[in-house]
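A.B. asks: This is what each chain is made of:
Protein chains: 2
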Amino acid sequence: MIGAESLVRTLVAGGADTAFVNPGTSEMHMVQAIDNIAGVRSVLSLFEGVCAGAADGFGRMTGRPAMTLFHLGAGLGNAAANLHNARRGRTPLINIVGEHATYHIKYDAPLTSDIAGIAGPVSNWVHTPSTPGGMAQAGIDVLQAAQSGGGQIATLIVPADCAWGESDGPAESLEIPVLPEVSDDEVKSAAIAIKAGNRVVLLLGAKALGERGIRAAQRIADATGAEVWRETFATKVERGPGLPKVLRLPYFPEQAEEALKGADTMILAGAREPVSFFAYEGKNSELAPANCTVTRLSGPRRDAAAALEALADVLGTPSGQESECPLERPELPTTGDLTDETVGLALGALLPDGAIICDEAITSGVPAAAYTQTAARHTWLSITGGAIGAGIPLSVGAAIACPDRKVIGLIGDGSAMYTIQALWTQAREKLDIVTVIFSNRQYHILQIELMRSGAQNPGPKAMEMMNLNNPEINWVQMAAGLGVDGGRATTAVEFSTLLKRGFDEPGPFLIEAVL
Amino acid sequence: MIGAESLVRTLVAGGADTAFVNPGTSEMHMVQAIDNIAGVRSVLSLFEGVCAGAADGFGRMTGRPAMTLFHLGAGLGNAAANLHNARRGRTPLINIVGEHATYHIKYDAPLTSDIAGIAGPVSNWVHTPSTPGGMAQAGIDVLQAAQSGGGQIATLIVPADCAWGESDGPAESLEIPVLPEVSDDEVKSAAIAIKAGNRVVLLLGAKALGERGIRAAQRIADATGAEVWRETFATKVERGPGLPKVLRLPYFPEQAEEALKGADTMILAGAREPVSFFAYEGKNSELAPANCTVTRLSGPRRDAAAALEALADVLGTPSGQESECPLERPELPTTGDLTDETVGLALGALLPDGAIICDEAITSGVPAAAYTQTAARHTWLSITGGAIGAGIPLSVGAAIACPDRKVIGLIGDGSAMYTIQALWTQAREKLDIVTVIFSNRQYHILQIELMRSGAQNPGPKAMEMMNLNNPEINWVQMAAGLGVDGGRATTAVEFSTLLKRGFDEPGPFLIEAVL
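Chains as they are written, first to last, in my numbering: chain U, 57 to 571; chain L, 57 to 571.
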């Protein structure tokens with residue numbers, strides 16, 4: 057058995073059975089191995105950033121690592137932005153990156169590059185086996201690394217001669233590492249802090265935003281008057297009627313500071329201490345009030361949901377009695393202009409139960425988040441690392457992970473262009489995804505940020521760096537070119553009609569919402 | 057004057073007057089500076105890989121560095137593949153990458169990453185100023201670095217507070233570094249080697265492939281019987297009637313070895329010793345015959361054209377008497393199927409004088425190269441580093457550098473999807489580019505490579521990783537969605553008609569050649 061096959065068999069036995077691939081010449085033996093092994097599914101994308109974002113979406117929804125397959129340093133580089141997002145979101149993810157045969161590297165052929173150097177900044181773990189016999193153990197190690205620390209990016213660089221050489225076969229998989237629990241003392245400290253506090257904020261992040269963590273936090277809130285907030289860009293948060301409501305920390309630092317004003321006690325559960333996304337001249341980076349006492353119940357690398365449950369058992373209401381959102385849906389808008397607001401209303405009115413929403417709408421998505429909150433049970437995935445181009449690929453991975461759930465991509469028109477190739481994979485795999493493009497024909501967030509930076513009367517050159525209106529992109533044509541059916545809405549009723557159609561029909565569908 | 061303005065003024069004074077940009081929040085003061093300074097042109101692209109490839113095309117055509125403007129590590133990562141190509145092609149190129157304010161980095165906000173780490177593998181030089189006052193000197197240093205060594209990737213990481221803080225104004229530019237010349241002794245050694253050789257191969261690369269180098273090499277060939285070859289993927293080669301013909305070393309190692317069989321003497325002028333692009337099981341990495349004596353007249357970091365001229369003065373024919381290609385064009389095909397062959401014939405028949413051809417056609421481009429060789433004077437740009445996604449962006453940069461020349465992109469359908477966003481910039485800037493998509497609906501090179509790797513009867517999963525036929529991409533719809541007019545050809549006459557139209561009309565035009 058060649059090394060490539062020993063690796064893939066080891067990975068599949070360890071639960072990594074889905075591969076998002078864009079291989080090249082140096083990966084041909086990996087392709088053969090995937091071809092030969094029935095237990096692995098391979099999904100082709102035409103750009104590596106799509107593979108990485110899809111693997112992120114898959115890992116978020118299943119909790120299991122998908123694998124990627126990339127061609128040397130250039131292929132890995134194309135995936136770097138979405139690997140950054142996955143790393144920030146603590147998604148378990150296995151990168152398989154081909155490398156020249158070990159003896160060929162010294163010749164510095166044109167595609168030679170420092171693959172480990174490219175991998176480092178977007179990986180938590182990087183390893184290169186040096187013999188075909190080392191491939192199986194490398195498979196065990198990469199599985200362990202990806203599933204340690206609450207989810208990590210583990211990158212395995214595979215020299216071609218390690219892939220094509222003879223090995224001793226696959227290795228047996230180990231148990232998956234579990235998140236360490238917090239100690240009783242830490243729970244007690246948090247309880248003391250909450251009791252002593254006046255305005256108490258529970259800030260949830262990472263795995264605390266699953267149903268268990270949210271319910272436990274609400275039990276604490278109901279008993280103590282504490283407020284339940286979450287980090288701005290959550291990896292995965294459960295929302296909807298029958299679940300407690302979690303408030304989202306606003307993006308802009310002034311708004312976040314306003315939201316936290318007067319809080320004298322903050323308890324971190326899975327979240328890190330809140331900081332401004334960017335620095336602004338003369339503004340603080342830290343968002344908690346200066347006199348606020350911050351207590352870390354659990355960081356993201358420990359079991360924050362279990363920690364919240366332990367804390368709720370100490371000072372919360374009984375389990376099962378926590379407050380929940382009622383079922384409330386807005387009316388479906390059938391008249392008027394199409395705006396962020398009417399898009400949000402329509403989404404709230406029609407949201408299917410059990411949907412997965414992948415949010416990269418940037419400035420346009422705020423009403424959508426508000427109006428879907430209590431409309432139906434759903435899972436919300438954000439852009440965790442701020443690297444634009446996550447949204448459409450995330451929807452691909454989520455749909456492959458959860459074929460029985462409707463997936464919705466809320467995508468800004470600026471965002472959509474970074475990884476538009478993902479639509480082709482949606483069509484190829486016949487994925488049940490409705491993609492809404494918020495077409496405002498600008499990088500609207502940058503226009504806001506330019507004003508915030510103190511620019512007085514910006515000139516045409518500055519505005520041209522933020523306007524997408526010359527030429528206007530025809531998103532329905534683009535989607536059709538990539539095999540995805542769609543329609544264009546310029547009024548509220550047109551949008552509502554198209555959204556209903558997208559939700560009713562299986563398979564991918566794109567709506568260009570002209571704002 | 058803020059630091060950003062002192063930097064941009066310094067860069068513009070040093071000749072870097074064209075910026076390919078995709079900025080974000082941390083670059084808003086750089087945007088303001090570009091806005092305020094009349095001497096700099098900014099070109100927006102909707103994906104950073106397009107900016108990098110366009111800057112590569114601009115640098116190849118002008119010999120001057122363009123600057124990019126990227127948003128933090130994620131933006132730079134998106135550009136990595138085309139920066140790899142530019143680095144391999146020795147294009148002078150200045151990256152400006154925004155970074156958080158110096159005091160903000162320690163908070164590890166979501167978009168924080170190791171930017172210098174990401175820059176390292178795709179840069180020859182990386183620097184981060186630490187104060188606004190250091191920005192002007194950083195501008196001088198990055199100009200010098202980009203133009204040293206025959207062309208380098210020089211990356212300047214700009215913390216936001218260095219951009220927005222007060223500086224002392226711009227710095228005065230220094231003279232551009234010139235390539236060191238080779239010594240008389242090196243020229244003599246090469247002359248002795250040529251005289252002693254039986255079958256002598258001159259292998260040209262880098263700047264030896266300009267008109268000066270080619271003419272000098274032909275003088276040597278005419279006098280000594282030496283053959284003039286070039287490296288497989290040249291940064292820029294001048295071709296056409298009135299110029300000597302340079303043979304291209306084939307891509308596949310067996311063919312390259314066959315081409316060099318019996319050569320006992322090789323003289324390198326701007327080229328490196330030829331090696332196989334990839335390693336193959338049981339095959340050599342080095343392509344020159346084992347008993348071939350290789351003499352380096354000039355590496356790519358010295359003035360290889362001047363070295364060839366010096367060598368020609370020693371043993372060549374008189375200057376101006378070198379053999380030249382005649383003007384020969386094929387007939388315009390007006391019947392029959394559309395094939396790589398008929399596309400090539402039509403290109404040869406219609407090629408406008410002075411065109412620039414950006415070649416990323418991979419398996420489909422061989423006849424095009426053959427039939428355009430003697431059709432009209434033109435410049436040929438290859439994908440120098442093997443990182444796919446170079447072609448369409450290169451055409452953008454070449455067209456901005458040379459607005460009076462017709463630019464032609466020959467792009468495989470697999471290649472085209474990596475940086476398809478470049479079409480939008482073609483439309484926005486009304487660039488005079490004809491893009492030909494060779495639509496064979498497969499990664500054909502990989503199907504060949506899979507067979508070469510020894511795969512017996514590959515199964516459907518392997519073939520699905522290389523087939524682009526499900527769904528078929530409609531390139532004309534894609535182009536229209538991005539504002540580029542185009543047409544679809546399924547026969548030779550349809551292609552000829554569309555190509556004529558594309559050449560006759562100014563502005564961008566795309567032809568989907570259905571093969």
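No lab work stands behind these hints, which were simulated from the structure alone. Treat the hints with caution; some may be incorrect.
You can't tell identical chains apart in this list, so a pair holds if it fits in one copy or across any two.
[Claimed, not checked] Each computed BS3-like pair below joins lysine-lysine, with the alpha-carbon atoms no more than 27 angstroms apart:
#: 1; residue 1: Lys317; residue 2: Lys462
#: 2; residue 1: Lys462; residue 2: Lys162
#: 3; residue 1: Lys517; residue 2: Lys244
#: 4; residue 1: Lys301; residue 2: Lys244
#: 5; residue 1: Lys339; residue 2: Lys162
A.B. asks: Between Lys339 and Lys162, at a C-alpha cutoff of 27 angstroms, which is it: within one copy, between copies, both, or neither?
C.D. replies: Between copies, since 15 angstroms is at most 27 angstroms while 50 angstroms is not.
A.B. asks: Is the C-alpha distance from Lys517 to Lys244 at most 27 angstroms within one copy, between copies, in both cases, or in neither?
C.D. replies: Neither. Shortest intra-copy (57 angstroms) and inter-copy (55 angstroms) distances fail the 27 angstroms Cα cut-off.
A.B. asks: Between copies, within a copy, both or neither: which fits Lys301 and Lys244 at Cα up to 27 angstroms?
C.D. replies: within (25 angstroms within a copy, 82 angstroms between copies)
A.B. asks: Could you place Lys317 and Lys462 in one of the four classes (within, between, both, neither) given a Cα distance threshold of 27 angstroms?
C.D. replies: Neither: 38 angstroms inside a copy, 61 angstroms across copies.
A.B. asks: With 27 angstroms as the alpha-carbon cut-off, assign the pair Lys462 and Lys162 to within, between, both or neither.
C.D. replies: neither (49 angstroms within a copy, 40 angstroms between copies)
Of the hints listed earlier, those the structure fails to meet are numbers 1, 2, 3, in rising order.
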